[in-house]
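Residue numbers (the numbering used here), protein chains in the order written: chain A, 1 to 632; chain B, 633 to 785.
To be clear, the hints were calculated from the coordinates, so they are not data collected in a lab.
These numbers come from a predicted model, not from an experiment.
Ideal Cβ positions, reconstructed from N, Cα and C, are used throughout, including at glycine.
Keep in mind that a hint or two might mislead.
Some chain A residues close to chain B (C-beta under 10 Å, calculated; not the full set) [said to hold, decoys possible]:
id, residue
1, Glu-91
2, Thr-212
3, Cys-213
4, Thr-214
5, Ser-216
6, Gly-397
7, Ile-435
8, Asn-500
9, Pro-514
10, Asn-515
11, Gly-540
12, Ala-596
Pairwise CB distance ranges, derived in the manner of DEER restraints [said to hold, decoys possible]:
id, chain 1, residue 1, chain 2, residue 2, range
13, B, Val-671, A, Thr-624, 42 to 48 Å
14, A, Ser-288, B, Ala-676, 48 to 54 Å
15, B, Thr-683, A, Thr-493, 40 to 46 Å
16, B, Gly-773, A, Ser-152, 51 to 57 Å
17, A, Gly-287, B, Thr-698, 43 to 49 Å
Okay, the calculated bits of chain B under chain A, using three or more residues with CB under 8 Å as the criterion [what the hints assert, rightly or not]:
id, stretch
18, 711 to 721
19, 744 to 752
20, 755 to 763
21, 770 to 783
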Amino acid sequence: MSLKIYASILVSALTLVACGGGGGGSTSSGSGGGGTTAPAVSVSPTSIAFGSQTVGTSSAAQTVTLTNSGNASLSISSISLTGTNAGDYAETTTCGSSLAASAHCTISVTFTPTAASATTAAVSLSTNAAGSPTSVALTGTGTSSTPAVSVSPASIAFGSQAVGTSSAAQTVTVTNSGNATLSISSISLAGTNASDYTETSTCGSSLAASATCTISLTFKPTAATSSSATLSIATNAAGSPTSIALTGIGTSTTAGNSFPITIDQGPIGITNTVNVAYATITICTPGSTSQCTTIDHIQVDTGSYGLRLFSTELGAAVPTSVTDPASGNAINECVIYADGYTWGSVGKVDLTLGNRTIPGVAAQVLSDTKAGAPPNTCSHTGTTSNGSYENTVTAFGAKGLIGIGPFAQDCGSYCAQSAQPQWYYTCPSGACSPIAVPVANQVQNPITLLSADNNGVVIDLPAVTAGVGQATLQGTVYFGVSTQSNNTPSPGTGWYTLTNIGTLSTTYKQASLPNSFIDLGSNGLFFGDSAIPTCTTSTGFYCPTNPLNLSATITGANGTQTTASFTVDNADADFNANPSFGVFKYIAGNNSSPTAPSNAFDWGSPFFFGRRIYHLFEGQTVGTVTGPALAF
Amino acid sequence: MLIKRLANRLCLGIVLGAVSVAAQAGLGEPKERVEHDRVALQAAVITVTHTSAYDRHELRAANGVTVHEFSDRQGQVFAVSFIGPAMPDLKVLLGSHFAEYAAKAHASPSSHKVYTHSSATLQLSLVKLPRGFTGTAVVPGSVPAGVDPRDLH
Numbered sequence: 001m002s003l004k005i006y007a008s009i010l011v012s013a014l015t016l017v018a019c020g021g022g023g024g025g026s027t028s029s030g031s032g033g034g035g036t037t038a039p040a041v042s043v044s045p046t047s048i049a050f051g052s053q054t055v056g057t058s059s060a061a062q063t064v065t066l067t068n069s070g071n072a073s074l075s076i077s078s079i080s081l082t083g084t085n086a087g088d089y090a091e092t093t094t095c096g097s098s099l100a101a102s103a104h105c106t107i108s109v110t111f112t113p114t115a116a117s118a119t120t121a122a123v124s125l126s127t128n129a130a131g132s133p134t135s136v137a138l139t140g141t142g143t144s145s146t147p148a149v150s151v152s153p154a155s156i157a158f159g160s161q162a163v164g165t166s167s168a169a170q171t172v173t174v175t176n177s178g179n180a181t182l183s184i185s186s187i188s189l190a191g192t193n194a195s196d197y198t199e200t201s202t203c204g205s206s207l208a209a210s211a212t213c214t215i216s217l218t219f220k221p222t223a224a225t226s227s228s229a230t231l232s233i234a235t236n237a238a239g240s241p242t243s244i245a246l247t248g249i250g251t252s253t254t255a256g257n258s259f260p261i262t263i264d265q266g267p268i269g270i271t272n273t274v275n276v277a278y279a280t281i282t283i284c285t286p287g288s289t290s291q292c293t294t295i296d297h298i299q300v301d302t303g304s305y306g307l308r309l310f311s312t313e314l315g316a317a318v319p320t321s322v323t324d325p326a327s328g329n330a331i332n333e334c335v336i337y338a339d340g341y342t343w344g345s346v347g348k349v350d351l352t353l354g355n356r357t358i359p360g361v362a363a364q365v366l367s368d369t370k371a372g373a374p375p376n377t378c379s380h381t382g383t384t385s386n387g388s389y390e391n392t393v394t395a396f397g398a399k400g401l402i403g404i405g406p407f408a409q410d411c412g413s414y415c416a417q418s419a420q421p422q423w424y425y426t427c428p429s430g431a432c433s434p435i436a437v438p439v440a441n442q443v444q445n446p447i448t449l450l451s452a453d454n455n456g457v458v459i460d461l462p463a464v465t466a467g468v469g470q471a472t473l474q475g476t477v478y479f480g481v482s483t484q485s486n487n488t489p490s491p492g493t494g495w496y497t498l499t500n501i502g503t504l505s506t507t508y509k510q511a512s513l514p515n516s517f518i519d520l521g522s523n524g525l526f527f528g529d530s531a532i533p534t535c536t537t538s539t540g541f542y543c544p545t546n547p548l549n550l551s552a553t554i555t556g557a558n559g560t561q562t563t564a565s566f567t568v569d570n571a572d573a574d575f576n577a578n579p580s581f582g583v584f585k586y587i588a589g590n591n592s593s594p595t596a597p598s599n600a601f602d603w604g605s606p607f608f609f610g611r612r613i614y615h616l617f618e619g620q621t622v623g624t625v626t627g628p629a630l631a632f
Numbered sequence: 633m634l635i636k637r638l639a640n641r642l643c644l645g646i647v648l649g650a651v652s653v654a655a656q657a658g659l660g661e662p663k664e665r666v667e668h669d670r671v672a673l674q675a676a677v678i679t680v681t682h683t684s685a686y687d688r689h690e691l692r693a694a695n696g697v698t699v700h701e702f703s704d705r706q707g708q709v710f711a712v713s714f715i716g717p718a719m720p721d722l723k724v725l726l727g728s729h730f731a732e733y734a735a736k737a738h739a740s741p742s743s744h745k746v747y748t749h750s751s752a753t754l755q756l757s758l759v760k761l762p763r764g765f766t767g768t769a770v771v772p773g774s775v776p777a778g779v780d781p782r783d784l785h
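Okay, chain A solo, but in the shape it has when bound (with noise of 0.2 Å):
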């Protein structure tokens, strides 16, 4: 029949127009057959599910079409809502009071629920056509859940920055911690320095219950004062929108207490060294400044104290020599280390150091021919000939050596009493005899010699994130302590008293290991425990078949003590298989042998990375604290 036909095409167009759930459409017609004339009711959808709704708000509203299917008018008495729970819903229409053959009008129903419970209720249709009234189903559900945001951290304070530079990025996590879908509306950076701060975020338009993401934030400041912005978080969970006070300090560059290091491979030529710390250098002829040469590469060392300079590096600039006050003799020094030992006279040179100058800073010049060859007793064994003189820079891994400890002399009072073999000699007519050397002679930790911010340094090392290494990490060596924003510890920073011999106590596994310290200039963790393997390759590294999590607890002379955790990997494996790499996060060794332990734990560079630490050196004070000691 072709009236058959035609309503079924009919029902299929007002599916397609229907919006939201529900069924399909249905038909209540008045006619059986052809001929007569009857209005018909058609809906579409017969039932509406709105899902969970948050008891209070409302739904999005779904549609209802109502469709006059018969070929008479249709007259509507009544829209109403009925059922158990019609106090949730509400409705608006269009529809008026009849509605034309074939026309259709619309019911539009939203879900507000009173109650944290399932609700029924339908849609009433009072019409003259047969089978009223016609009914549409409602259901819907409500809930107590809610969305909520929290964010960690709370603030977040970048630290110093020189102005113009970026700051390693800092993250905030922020997990959605109802039992909700959090919407987020907008992520944006406001107050009064926001220009200085820029964010990448993982978080979508929405984030599902407990699950989390990251906003990533660098500093980059644009002026030398402090900073100051929030990022803000808008979203659908209560107390929107949630801030995160940031912080940083733009610092200048011309201020210049700092100067930058980096951890890499080393000096062209040299692929074996790892976590050595290098900076850039200038040494000038003193008082000159255009015979001058800049030295990449030179070793950070906080174990040591002083500026070493192998002769082939200084180009233009040349050494002024320094002399035994007493016989007028050129001063030569020895340096013994355990793979070798170096040898040189000792000169001065004014040493830039990012862009303070210090004038007439005494130095070893290693390997210089002036001062000739080295004595026996500056080696190992005892004689020259069969010792390791790491005369060359590849040998000795760096093109110099600056100390920046907390000491203000590489040997001080020692060498100042008598005179000692292995360190300051003089060598008339080539025959070398050690001799002693006043203190304010000897070769000094050049930051002492700063005219300000001279009582200390802080070494800020970024921490290494991803992985077990890589390629570089930079850093900055700030000078003095306490003595600018820049180089302050905020408050609560824990302060490590060092011994005399700039030691402090470490306990590993029950055992007391009071010759502790703490070394930039070690390039791992080096303490004896005879339970983890030692490498085949790399000798002298640990190489666990697993990565092994541990601790130690530090003391300071001064009672301050603190619990560090640290993971060691498997050395061999590691190097292996990141031949490119010069930083390594997960680097120990052993410095014991298993009947003769040693009692000492080096806390090597791998202890800097994420930390800033703060050197106090001997005889200054800050606050109640005197030096040598450490906070960080």
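Guided by the hints, dock chain B onto chain A, whose structure is given.
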């Protein structure tokens, strides 16, 4: 294979030649030789501390280094240790074991602030401190039963 160097620096000195050692003393020798070491190291006095398992002989050398020599109940020196602003004369401390140390010390450079040596006849750990040196050496197998090697400092 990559071989990474340990780049921490150890100022490791051996003072030789100042004293002519007529006979080997130190590690592995009878405790009577401690007096010989006292003279060789120019130490003023020897302070002996007795424990049930060993005697500890403390010498304060002229160069400011404190040396401990440990002798067992049979009178043999089985361990030596030191701490101070410089290296002591290891030829005196290690006695007949010095040659083994000296041969290895230059032949296997590995470390700057740490040096270890481990063999069937000598175990040695040396550390360059921020100011000064510490170290300990033991003849393997000679440590009396019940003695924790970590106490031999």
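Hint numbers contradicted by this structure: Checked against the structure, the hints that fail are numbers 1, 2, 3, 4, 5, 7, while the rest are satisfied.
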